[in-house]
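Enquirer: All chains should be built: construct the whole structure from the sequences, respecting the hints.
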Amino acid sequence: MTTLWDTTGTAVVKAMSNERRESGAVSSGLALTLVVVVDEKRVTEAEVAATRAAAQHPCRLLVVVRRRPDAPEPRLDAEVSVGGRLGPGEAAVMRMYGRLALHAESVVLPLLAPDAPVVTWWYGQPPVLLAHDPLAIFADRRVTDCHLAEDVDVALKQRAKDYVPGDTDLAWTGTTDWRALCASTFDAVSEAPTKVVVVGQAGSPVRALFAGWLSSRLGLTVKVTDGDGDPIHEVAFTTSAGEIRLVRGDGRTVLLHRPGQPERTMPLPERDLGELLAEELQRLDADEPYSEALSKATRTTLSGVDPRVHVWVDPAEGQESNLVQGGAHAKVGAQPDPNAPDPTQDPKQARKQEAEAGGKPPAAAKGSRGRSSDRT
Amino acid sequence: MTVHNPLRDPRDRRLPRVPPPCALVVFGVTGDLARKKLIPAVYDLANRGLLPPGFVLLGFARRDWGDGDFESVAKAAAKQGARTGFREETWSRLAEAIRFLPGSFDDDKAFDKLATTLVDLDKSHGTQGNAAFYLSIPPAAFPTVLAQMKRTGMADNHKSGAWRRVVVEKPFGEDLASAKDLNHMVDDVFTGQDVFRIDHYLGKETVQNLLALRFANELFEPIWNRQHIDSVQITMAEDVGIGTRAGFYEETGAARDVLQNHLLQLLALTAMEEPASFDAESLRIEKRKVLSAVMPPSNMANGVVRGQYEQGWLAGERVKGYRAEDGVAPASTTETYAAVRLEVESRRWAGVPFYLRTGKRLPRRVTEIAVLFRKAPVLPFTRTDTEELGSNQLVVRVQPDEGMTLRFGSKVPGTQMEVRDVAMDFLYGEAFTESSPEAYERLLLDVLLGDASLFPQNAEVEESWRVIDPIEAYWRERDAAGGTPQLYRAGEWGPRAADEMLARDGRKWRRP
Chain C
15 MTTLWDTTGT
25 AVVKAMSNER
35 RESGAVSSGL
45 ALTLVVVVDE
55 KRVTEAEVAA
65 TRAAAQHPCR
75 LLVVVRRRPD
85 APEPRLDAEV
95 SVGGRLGPGE
105 AAVMRMYGRL
115 ALHAESVVLP
125 LLAPDAPVVT
135 WWYGQPPVLL
145 AHDPLAIFAD
155 RRVTDCHLAE
165 DVDVALKQRA
175 KDYVPGDTDL
185 AWTGTTDWRA
195 LCASTFDAVS
205 EAPTKVVVVG
215 QAGSPVRALF
225 AGWLSSRLGL
235 TVKVTDGDGD
245 PIHEVAFTTS
255 AGEIRLVRGD
265 GRTVLLHRPG
275 QPERTMPLPE
285 RDLGELLAEE
295 LQRLDADEPY
305 SEALSKATRT
315 TLSGVDPRVH
325 VWVDPAEGQE
335 SNLVQGGAHA
345 KVGAQPDPNA
355 PDPTQDPKQA
365 RKQEAEAGGK
375 PPAAAKGSRG
385 RSSDRT
Chain U
7 MTVHNPLRDP
17 RDRRLPRVPP
27 PCALVVFGVT
37 GDLARKKLIP
47 AVYDLANRGL
57 LPPGFVLLGF
67 ARRDWGDGDF
77 ESVAKAAAKQ
87 GARTGFREET
97 WSRLAEAIRF
107 LPGSFDDDKA
117 FDKLATTLVD
127 LDKSHGTQGN
137 AAFYLSIPPA
147 AFPTVLAQMK
157 RTGMADNHKS
167 GAWRRVVVEK
177 PFGEDLASAK
187 DLNHMVDDVF
197 TGQDVFRIDH
207 YLGKETVQNL
217 LALRFANELF
227 EPIWNRQHID
237 SVQITMAEDV
247 GIGTRAGFYE
257 ETGAARDVLQ
267 NHLLQLLALT
277 AMEEPASFDA
287 ESLRIEKRKV
297 LSAVMPPSNM
307 ANGVVRGQYE
317 QGWLAGERVK
327 GYRAEDGVAP
337 ASTTETYAAV
347 RLEVESRRWA
357 GVPFYLRTGK
367 RLPRRVTEIA
377 VLFRKAPVLP
387 FTRTDTEELG
397 SNQLVVRVQP
407 DEGMTLRFGS
417 KVPGTQMEVR
427 DVAMDFLYGE
437 AFTESSPEAY
447 ERLLLDVLLG
457 DASLFPQNAE
467 VEESWRVIDP
477 IEAYWRERDA
487 AGGTPQLYRA
497 GEWGPRAADE
507 MLARDGRKWR
517 RP
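Each protein sequence line maps, in turn, to chains C and U.
FYI, my numbering numbers position 169 of the first sequence as 183, with every residue one higher than the one before it.
FYI, my numbering numbers position 80 of the second sequence as 86, with every residue one higher than the one before it.
Simulated from the structure, these hints should not be mistaken for laboratory data.
All C-beta atoms, glycine included, are put in the ideal place defined by N, C-alpha and C.
Careful: at least some of the hints might be erroneous.
Derived, one-sided and incomplete: chain U residues facing chain C with beta-carbon distance under 8 Å [unchecked claim]:
#, residue
1, Pro12
2, Leu13
3, Asp15
4, Pro16
5, Arg19
6, Glu95
7, Ser130
8, His131
9, Ile229
10, Arg232
11, Arg370
12, Phe432
Expert: Right under this line is the structure:
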């Protein structure tokens, strides 16, 4: 393991190849690069989960911790290891201070495994528009986590408005076990459900997406009611043959009630964050069932623009409220408003130069396909 | 019964394949295999949520047991053998679905009871009458059990109004004639497509990966032929002796135990043409085609070697010779090592020898397929530059350390032009991904799903015996003339005669 204080991206790249040579890992079977965007307070959790996922999907792990964007001096600290505490692969944990935090891609880009797919995972409040974070732009798959949003409903709606194929959310991963139970129950039922009720924790994104999925598959309006405790507590299907109910039992079990059949107990596999993340890394293509569930759950037409182009947002500009409430993207996907301030027309010259220096120059972005179709 | 399930979506790859409701009936459930492999595999499937709501595990054996006795034995077995962590919740859920029926195989009443139980299980557990019968019993008991199934009609898809499948373990007979008898017997009771012959090697991740390697890449298939491949070596080595299986092994020997099934199946997957698709039928067609093109050696004296281990040292311990093992005849001529040179008579493979070897008490446990390429036709270096250069090799390691190795020439760093072989190791299977499922788990799931792609078909079994029978006949001839297997010390890579066999062709065995 190498620890670098107040260092540069170039030194991190060098340290990584040195580590590889020293650990004797002369060849490796990399499937992808996993970029983790996380706050200091959740770093340990994220590392544990990413390490677990890396054990199933060999990857290069890059953890980006953005600290104190208001710090006067930009600074980079990094820890590089191969086959160490962060799993069998190559890993770097990078803490970025000051304005560098807004240009994380300048450190991350040279560290990506050549030509391997990139997955970016935000373990924290998801960005309002993924395009606000340059680490989303080059990622083939983008994993958010609506559990961690301040307002789950707003966050889900935002994901729907922003959706581009390749986006996914860990709340959706959390529905897999229940979806599998429902699907295997209906393998042996020939009557289609006419009414569906889902009971679960109020405000849970898992419940919302699960109900959205049922609605998209069955073409019904799914009734959602509040229960306490589990994200999904019960689902009841009314069919012409009677009611089929799956109810969360003691421990990690689900009780299955079917008309004319004895009650059955089904196990609900116990999965930690690492296993959920590993499921996300299993397949990197667009997840259509997720997009349909998301659209139904939020009653929103998916309108994100593919491919994404970086949209410059500067927290120091006092646009903090934008980040949460979505003032900036109220414009995106809406009618073009000639009076609205163009985010690329940054009033402060210094900031503008900075934006040009890092990532996409605003002028180029403005004329590109992505930007122009933003407004249609 | 196929029901349109609105919740199933082919694009939704997150949802696992879960079999329809069914009962798994295990005959000989008190045996070693059932305890060590089968029950843990059932538990692991349950723990991963891959068993349907209406699943029942029904044990059948000659024991004076109730459901509870069997359940506690099964629980101990699952605790010991499970790959995924043992969870009380999973078990208590599975325990509700465990039943035991005592009875011997010639007991009509017990089988009548079994037939009615299968009907009752539909009412009590909702199995819909589906059942898979796992015959974990000695081959001698097959005729009795199959006759019972026929008599009660429990094997009949029509009569039961559901699917009924049978799972058979190796050995699939002891020669072509007995294999044919066995196949007739099983096919007489079950329909051909409902018979699943388990070769657990085919359930291994790497073996399936071999198909991906060959048919999903542009890189390998164009050179996968006689123009570029010099020879193929398939090895299955075990460091253990025969243990307590002397009775079985004396009758069988290495060729029947391993060569006939595992090694010839691996050969088939290595040498077969591209299947039209990856469904069971297309795979079987190609495997059968290539197996029917495998020819036993025309000159047996030059093409086969049998060996037997003597006392020696292995992994730091002194071990007994084969003839000194308990239950082995002092003058036994049973082979514990077999090596054979086969050819595949097809345009792709003509002239490329396939060397297959297997043995017990070899230095380490390893199974691999090594494809050795020809040397480059011209080497634009001086001879001294390339003295250390061998031939390119692509090695598929089946176990342990599932993965692949590619060997190629590379310049030795320095001011001189010197080329030598380096090995590039690729570990992707077991070692990297901790949760690669056990072969039995995968195969059991496939049986319940009715997916036969990974199971050898009766025609393949018969083709394999066609290759092995002349070899066995030659050895019996040699026995009659007072011949014995070549001796090798335990802890060596087989008898010297095996090295000589390759030396005659100007080749040598790869040390795995």
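Enquirer: Hints first: check each against the structure and report whether it holds.
Expert: Now for the hints, and whether the structure bears them out:
no. : hint   : in the structure
1   : Pro12  : holds (5 Å)
2   : Leu13  : holds (4 Å)
3   : Asp15  : holds (6 Å)
4   : Pro16  : violated (10 Å)
5   : Arg19  : holds (6 Å)
6   : Glu95  : holds (5 Å)
7   : Ser130 : holds (6 Å)
8   : His131 : holds (7 Å)
9   : Ile229 : violated (21 Å)
10  : Arg232 : violated (30 Å)
11  : Arg370 : violated (21 Å)
12  : Phe432 : holds (5 Å)
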